[in-house]
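Q: Given the structure of chain A, go ahead and fit chain B onto it with the hints provided.
For reference, the chains in residue letters:
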Amino acid sequence: MDDLYREVIIEHYKNPSYRGKLVPHDISFADNNPLCGDHIQIDLRVNKDGVVTEAMFDGHGCAISQASADLLMEFVIGKPLGEVKLLNKQDILDMLGIDLGPVRLKCALLSLKVLKAGVYGLGEAGDDLVE
Amino acid sequence: MNSFNVEQIRNDFPILKREARQGVCVIYLDSTATSQKPVQVIEAMNDYYRRSNANIHRGVHTLAEEATTLYEGARERIAKFINAASSREVIYTRNTTESINLVAYSWARANLKAGDLVILTEMEHHSNLVPWHMLQMERGIELDFIPVTEDGLLDLEAYKSLLDRRPKLVSFTHMSNVLGTINPADEIIRLAHDAGAITLVDGAQSVPHLSVDVQALDADFYAFSAHKMCGPTGIGVLYGKSALLDAMPPFLGGGDMIKEVKLRSFRANSLPHKFEAGTPAIAEAVGFGAAVDYLSAIGMERIAAYEHEITEYALDRLEEVPGVKLFGPSADKKGGVAAFTLDGVHPHDVAQILDQDGIAVRAGHHCAQPLHEKFGIPATSRASFYLYNTKDEVDMLVNGIYKVKEMFG
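As given, the protein sequences belong to chains A and B, one line each in that order.
Following the numbering used here from start to finish, the first sequence increments by one per residue and tops out at 133.
Following the numbering used here from start to finish, the second sequence increments by one per residue and tops out at 412.
Looking at chain A on its own, in the form it has when it is part of the complex:
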């Protein structure tokens, strides 16, 4: 448990570096976690080479979902979209540095699902995006 709420997670939850909205943006997408109503919106700016130059998230949710969104934003800045498309569940768990049960995994993966749905231009952030 103290693992689950590692200091880094509490810190990113309480003082996120990438919370907010980007206006204008090149890519924006939002979706909910139907289990708990957590909501995340992600805005990206992408340069002509397809590299993410800025990333912000907004919404509400538990410490796990908000911290993983913040860590994910930090991670994708400077990365080409091609690389973002390949991110999966394990990458998020590596960023958080913890192991999660099936319910909390949904919280942790919401931001990645929203990000990938936005990058792929999909209508919905489905579970298949992070497997």
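It should be emphasised that the hints constitute simulated quantities derived from the structure, not laboratory data.
Quick reminder that beta carbons are idealized off the backbone N, C-alpha and C, glycines included.
Hints are all accurate, no fakes.
Simulated pairs of lysine-lysine, DSS-like, Cα-Cα distance not exceeding 30 Å:
1) Lys83/B <-> Lys244/B
2) Lys408/B <-> Lys16/A
3) Lys16/A <-> Lys377/B
Here are some, though not all, of the chain A residues that point toward chain B, as calculated from beta-carbon distances under 10 Å:
4) Lys16
5) Gly39
6) Gly63
7) Gln68
8) Cys109
A: Then chain B, alone, in the frame of chain A:
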């Protein structure tokens, strides 16, 4: 409390003796989601499978006779438990949700047309919203909602104005699964009848905790589930007045719901079998009967009184924690539910950290998203109490919340 021996009751529930992890007992405060099961229920179902298992009705052999007797005997006792006039009025379903859907598919599709008004409330569980949304899309019926006041009660004055629009159906929860509010079902039903409407009561939370008399309430339909009242999952009941049920078309078609089948036609069976197509949950019905026996032996009045004592204590203790905000009315107007938020901490995190101490509470919108939107919050943590919970457990919950505060400091 007059000979209400909670320690003795706890002995009936094997799961309460297990540890969540080494050295940490399970503190089960999630009975609103599903209750735990006493050994009497577990054994009744085991015995059924060990001794009596067979398919019911039509069989003439000993086991089939025995299984049928057990299945129908449980129905008789459930009917008595809610004081139905006859066990013909007790339809086995899978759960409360299916019971409500049965009314929406059978009664409503036969009786409602475009423009007809159905009144619901803002505190409904999704199971008493979505079936009506679906009917709205299909039929063009209209929906309106009895508002919930700041203190978590139904606004009955607003309800009276809604009744001026001559609704065909008023469908509402007897007890909110989030706020705990016990709604004045008798008054809501009387007013609905005065306005010429039929009534459907979602009793998922009330039947397990209160003494419910469907005839005294004069409810037209009343839905509830076994698993929230010490019984197994997979079985519930739709009570309906026989005049209504007799006039309704069947819901699911198949075996057992027919009197006669020809290649191109069928005649439906009489009540209650008309609505029970296919092999039902027989062992679960036996378990449901045992659950009703168990609760009856203790007495619903005494269970309600004990729960009230625990709830009052819990609300008092929770109120004194800085940063805790409770939702719903005061203890005298509600059942054993305490939904709350803690400043600065998401309910999911509260639940997760409490779990470390073996404390099981639920976090989320509890299948009542519109109600949470009304209060401007995405989610709450919810502790709920049943006949086996103790004040010590409430104390452990409160200590746990202090731990959460410390962690998020």
